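Q: Which chain is which? The protein sequence lines are A and B, in order.
Taken in order, the first sequence gives residues 1 to 502; the numbers are from this note's numbering.
Taken in order, the second sequence gives residues 1 to 486; the numbers are from this note's numbering.
None of these hints come from the bench; they were simulated from the model.
Be aware that a few hints might be false.
Claimed, not checked - In silico DSS-like links for lysine-lysine, alpha-carbon gap of 30 Å or less:
1) B:K376 with A:K95
2) A:K95 with B:K355
3) B:K413 with B:K355
4) B:K379 with B:K12
5) B:K35 with B:K12
6) A:K230 with A:K95
7) A:K462 with A:K495
8) B:K107 with A:K70
9) B:K35 with B:K49
10) B:K60 with B:K49
11) A:K95 with B:K379
Said to hold, decoys possible - Covered stretches of chain B (in silico footprint by chain A; criterion: 3 or more residues with CB under 8 Å from a CB of chain A, positions within the stretch not fixed):
12) 96 to 104
13) 200 to 208
Because the structure is a prediction, the values reported are computed rather than measured.
Heads up, the beta-carbon is just placed ideally off N, CA and C, and yes, glycines get one too.
As a plain string of letters, each chain reads:
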Amino acid sequence: MNGTGANSHSNPGLVSAPFEVVIGLEVHIQLQTRSKIFCGCSVQFGAEANSQVCPVCLGLPGALPVLNEKVLASAARLALATGCRINPVSLFARKNYFYPDLPKGYQISQFDQPFASDGGMTVTSEGDAQRAIRIRRIHLEDDAGRSIHAEAFVAEDETLLDLNRCGVPLLELVTEPDLRSPAEAADFMQRLRQLVRYLGISSGNMEEGSLRCDANISLRPAGSDGLGVKTELKNMNSFRHVERALAFEIARQGALLAAGGRIEQQTLLWDPARGMAEPMRSKEEAHDYRYFPEPDLMPVAISGEWVEELRRQMPELPEARKARYEREFGLPAYDAGLLTGDPGVADYFERLAARIEDKKLASNWVMGEVMRASNARGCSVLELKMTPEHLAVLLDSLSRGRIHQQAARRIFAEGLENGLSPAEAIEREAGAQIHDTDQLRMVVREALTSHPDETEAWLGGKDKLAGFFTGVILQSLQGRADPRAIMALLQEERKALLEKRG
Amino acid sequence: MHTGSVDFQSIKPLLAAGSISCTSLAETYLQHIDKGAHLNAFISVFAEKALEQAAAVDRKRTRGTAGRLAGLFLGVKDNIVWSSGPTTCASRMLAGYHSPFSATVLKRLAEEDAIFLGKTNMDEFAMGSSTENSAYGGVRLPADPGRVPGGSSGGSAAAVAAGLCTAALGSDTGGSIRQPASFCGVVGLKPTWGRVSRYGLVAFASSLDQIGPMGRSVADCAELLQVMAGYDPADATSSMAPVPDYAASLTRDLKGLRIGLPREFFPQAGMESAVRAAVEECAAFLRREGAELVPVSLPHSGYAIAAYYVIADAEASANLARFDGARYGRRSPAAAALEEMYTLSRSEGFGVEVKRRIMLGTFVLSSGYYEAYYGKAQKVRTLLQRDFAEAFRTCDLLLTPVCPTTAFRIGEKAGDPLAMYLSDIFTVSVNMAGLPALALPCGRDSAGLPIGAQLIGPAFSEPLLLAAGHHLEKGHAPARAFAEAS
Chain A
1 MNGTGANSHS NPGLVSAPFE VVIGLEVHIQ LQTRSKIFCG CSVQFGAEAN
51 SQVCPVCLGL PGALPVLNEK VLASAARLAL ATGCRINPVS LFARKNYFYP
101 DLPKGYQISQ FDQPFASDGG MTVTSEGDAQ RAIRIRRIHL EDDAGRSIHA
151 EAFVAEDETL LDLNRCGVPL LELVTEPDLR SPAEAADFMQ RLRQLVRYLG
201 ISSGNMEEGS LRCDANISLR PAGSDGLGVK TELKNMNSFR HVERALAFEI
251 ARQGALLAAG GRIEQQTLLW DPARGMAEPM RSKEEAHDYR YFPEPDLMPV
301 AISGEWVEEL RRQMPELPEA RKARYEREFG LPAYDAGLLT GDPGVADYFE
351 RLAARIEDKK LASNWVMGEV MRASNARGCS VLELKMTPEH LAVLLDSLSR
401 GRIHQQAARR IFAEGLENGL SPAEAIEREA GAQIHDTDQL RMVVREALTS
451 HPDETEAWLG GKDKLAGFFT GVILQSLQGR ADPRAIMALL QEERKALLEK
501 RG
Chain B
1 MHTGSVDFQS IKPLLAAGSI SCTSLAETYL QHIDKGAHLN AFISVFAEKA
51 LEQAAAVDRK RTRGTAGRLA GLFLGVKDNI VWSSGPTTCA SRMLAGYHSP
101 FSATVLKRLA EEDAIFLGKT NMDEFAMGSS TENSAYGGVR LPADPGRVPG
151 GSSGGSAAAV AAGLCTAALG SDTGGSIRQP ASFCGVVGLK PTWGRVSRYG
201 LVAFASSLDQ IGPMGRSVAD CAELLQVMAG YDPADATSSM APVPDYAASL
251 TRDLKGLRIG LPREFFPQAG MESAVRAAVE ECAAFLRREG AELVPVSLPH
301 SGYAIAAYYV IADAEASANL ARFDGARYGR RSPAAAALEE MYTLSRSEGF
351 GVEVKRRIML GTFVLSSGYY EAYYGKAQKV RTLLQRDFAE AFRTCDLLLT
401 PVCPTTAFRI GEKAGDPLAM YLSDIFTVSV NMAGLPALAL PCGRDSAGLP
451 IGAQLIGPAF SEPLLLAAGH HLEKGHAPAR AFAEAS
């Protein structure tokens with residue numbers, strides 16, 4: 001290995017010449033079923049601690065798990081969307097370890113016979129190149145509870161347990177070590193989030209822990225096929241942290257290797273506050289999970305007909321939808337990508353586009369006002385009180401010139417609050433328009449006299465300034481005039497002024 | 001009359017005739033429990049509740065709304081949870097534990113007005129063959145209090161034999177219903193795995209555990225099974241196969257029935273001659289009744305004990321992991337940190353045999369050893385299942401002894417786990433194959449100790465097993481032994 005010292009790693013995350021980055025991800029996807037994977041308890045997020053539990057998810061003596069078959073459909077949808085082979089028979093297995101938030105003393109997971117195997121997804125690599133990432137397996141398991149130490153209400157020597165999360169259904173998706181940069185890893189996670197939202201199987205919310213990711217990471221000499229010693233990174237709970245944590249670890253391993261050191265196989269915890277990853281105590285990671293087949297559950301048998309049925313019911317996936325937006329609505333690739341990024345936004349857009357002619361106007365409004373409003377409120381666009389149907393009415397008036405942009409924004413803001421049809425507000429705004437030409441002409445003249453420099457330039461041939469004056473005038477009228485009428489008056493005034501000068 | 005020495009089938013007409021009531025029965029059983037206190041058969045007795053329920057069932061009988069088990073007083077092995085009383089599994093670990101829910105079988109039995117007299121003593125977490133491994137002290141054999149009643153359902157077997165209850169529930173993982181039934185001279189049925197819901201049975205080895213009835217007659221076991229059996233949505237391994245009418249099949253004709261005698265279960269050495277003779281007499285009786293005797297072989301049964309202890313202990317090591325002191329059960333007061341909470345609570349809470357099995361089970365699943373032990377044991381299990389399948393091509397049922405010996409002395413094998421494990425040599429294969437088997441008395445040895453015969457059938461052949469057992473009981477004098485015992 002011919003590393004050239006620390007200076008070759010001055011740019012953390014971008015390892016220069018001698019090393020290639022090898023990353024594999026283990027992603028946990030919390031499923032949005034109504035009840036838990038092995039009992040009937042609710043999976044609602046944010047309920048009072050220990051309120052959504054029963055003998056089964058508490059692992060009380062004598063209780064037995066029963067598979068909630070809804071999770072099979074979720075798993076199958078993800079498997080189909082990622083081109084995985086759904087195994088006709090898969091087995092649950094017990095993964096044994098002691099932890100207070102694991103009431104049974106084992107997790108029910110799948111081991112040597114997972115639900116699905118051998119699929120793939122695409123990520124965007126440097127320079128927009130698309131790269132295939134192989135998916136090794138997708139399997140089902142139950143979640144553990146939460147141990148709470150670092151909260152103000154927990155005494156220093158105490159740990160509190162919230163077991164609501166025990167038994168929440170999880171899919172674990174494991175990739176092959178095919179990712180080559182932190183950016184690819186982050187892109188993989190973003191695409192996976194988009195996919196699970198499209199499939200309606202998970203909220204995909206990393207901050208709430210609905211989507212969690214651990215990464216195995218190693219470096220190897222560029223051009224080599226072997227694998228270096230890997231470390232495992234945990235606790236990356238946002239896309240940004242995935243990228244930062246991986247960049248940190250690449251820099252750490254790179255510096256170590258370049259200095260002739262050796263990588264120690266270990267598990268590191270990402271500390272987002274300090275921006276660094278530190279090894280877990282070795283005891284915490286020294287697990288022999290002693291997997292063996294779960295005797296309380298029968299093997300999961302999946303029929304080909306059922307899979308075909310699900311395949312027929314598969315929703316349109318992000319790539320296909322984006323292509324259709326370009327083709328069917330004539331939208332630019334940028335718009336199509338942004339609108340189809342989230343299935344809720346895409347649904348909103350389609351309901352709007354179905355009702356108005358000008359698809360680009362619809363796209364502009366959804367990408368602008370609508371997404372801004374949902375971000376500000378922290379809700380889905382579909383939860384906004386301004387429905388796509390109401391917005392269609394509003395945009396129709398806008399494109400026919402009954403109201404103009406500013407008035408439309410005002411009505412939109414009102415609609416977000418009151419949820420009423422905009423028809424009345426449109427009448428009000430349209431009625432408030434100043435149609436009296438003499439009155440408008442006064443305003444136009446005032447605008448010209450109060451901007452003498454711009455007026456001179458305009459008369460001198462800077463035609464673009466007409467737009468400037470229109471803006472000034474509409475501003476002073478709070479938008480209560482037809483911009484086309486103002487434009488016409490401006491031209492008349494210009495002509496008159498030039499004639500006066502002779 | 002001595003209500004303690006008759007079966008439920010004999011109680012029913014007396015109740016119907018009005019010569020006894022549930023209340024008088026309850027009082028009698030409670031007196032017997034007091035008198036039999038030296039047997040240590042019960043861990044808890046629900047005297048008040050039983051009397052209340054008896055009065056309530058009597059009122060229902062007057063109105064004609066009583067269930068079919070009205071007048072049946074049950075002992076319930078203390079590893080079956082009931083929300084109206086403590087469940088200890090005979091372990092310090094669960095002292096004071098009160099389950100918030102009841103086992104499916106108890107709900108079904110209660111719906112038919114069976115009354116639960118108390119929870120019976122057992123080997124801790126059902127691990128043992130003598131009921132000496134109990135945190136509440138060992139159980140004594142009613143026929144000879146210096147001897148063990150067998151185990152692990154020794155409390156249930158002793159209680160039935162001594163007339164402390166009409167019948168009892170046991171659980172059978174490797175012989176824990178049949179072996180104590182044999183030692184105590186009562187009838188015990190280990191149903192097909194999946195026939196009876198395990199929901200509410202504190203798990204020892206889930207793929208082997210099965211709840212079953214223990215009683216004073218085959219007909220009583222049939223009637224209890226009738227109520228207990230059937231699909232339970234709370235147990236994913238319970239069978240959806242319809243439940244046949246067991247009582248109706250008791251009297252079916254045995255003519256032409258092929259009874260297999262597996263040669264490995266009649267060894268030249270290691271078996272008491274009285275046991276062999278008694279079981280062979282059963283065979284002779286069945287032949288006289290029109291059955292055909294067929295020599296068969298179960299060639300892999302010699303590996304059954306070893307494979308059984310690997311699989312059962314592996315599952316146990318996981319099933320008992322939940323007893324960690326964190327949420328319920330014993331938490332060591334000396335523990336100051338997490339790791340200590342685990343090690344101290346478990347070291348103090350579990351008895352020697354339970355710890356031995358947890359360690360064994362943990363070892364056989366460990367990385368690097370899995371294939372050599374657990375993997376190999378599963379292969380043996382498959383071979384055993386094939387052995388049985390092969391045998392059942394030439395016969396309908398198998399007849400074997402339950403145990404090579406009659407009841408042994410208290411302390412005789414307590415220091416020698418291997419000798420203790422060999423006590424299950426004729427019973428564990430049945431669990432490994434998930435089959436049903438019936439143990440019933442078939443005579444006594446020279447010391448007057450009961451000997452048990454075992455009938456083994458293919459999966460879901462309970463009607464046939466019960467019928468053969470019923471014929472033996474009615475026609476073969478030694479099989480009626482226990483009626484004279486009490």
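Q: Are the hints correct? Go through all of them and say.
A: Status of each hint after checking the structure:
A hinted pair counts as satisfied when its Cα atoms are at most 30 Å apart, and K376 (chain B) with K95 (chain A) qualifies at roughly 20 Å. For the proposed pair K95 (chain A) and K355 (chain B), the alpha carbon gap of about 20 Å is at most 30 Å, so the pair holds. Using a Cα cut-off of 30 Å, the hinted pair K413 (chain B) and K355 (chain B) holds, with the two alpha carbons roughly 18 Å apart. Simply put, K379 (chain B) and K12 (chain B) have alpha-carbon atoms about 48 Å apart, too far for the 30 Å limit, and the pair is violated.
Proximity of K35 (chain B) to K12 (chain B) is assessed by CA-CA distance (about 25 Å); at most 30 Å being required, the pair is judged to hold. A threshold of 30 Å between alpha carbons decides the hint, and for K230 (chain A) with K95 (chain A) the separation of about 22 Å falls inside it, so the pair holds. A distance of roughly 14 Å separates the Cα atoms of K462 (chain A) and K495 (chain A); the hinted pair therefore holds under the 30 Å criterion. For the hint pairing K107 (chain B) with K70 (chain A), the CA-to-CA distance comes to about 28 Å; that is within 30 Å, so the pair holds.
For the hint pairing K35 (chain B) with K49 (chain B), the CA-to-CA distance comes to about 19 Å; that is within 30 Å, so the pair holds. Restraint check for K60 (chain B) and K49 (chain B): satisfied, since their Cα atoms lie roughly 16 Å apart, inside the 30 Å limit. Pair hint K95 (chain A) plus K379 (chain B) holds up; C-alpha atoms about 21 Å apart against a cutoff of 30 Å. Figure legend: the segment 96 to 104 of chain B, annotated as covered by chain A; annotation consistent (5 residues with Cβ-Cβ distances under 8 Å, at least 3 required).
Under the rule that three or more residues need a Cβ within less than 8 Å of chain A, the assignment of the segment 200 to 208 of chain B holds, with 7 such residues.
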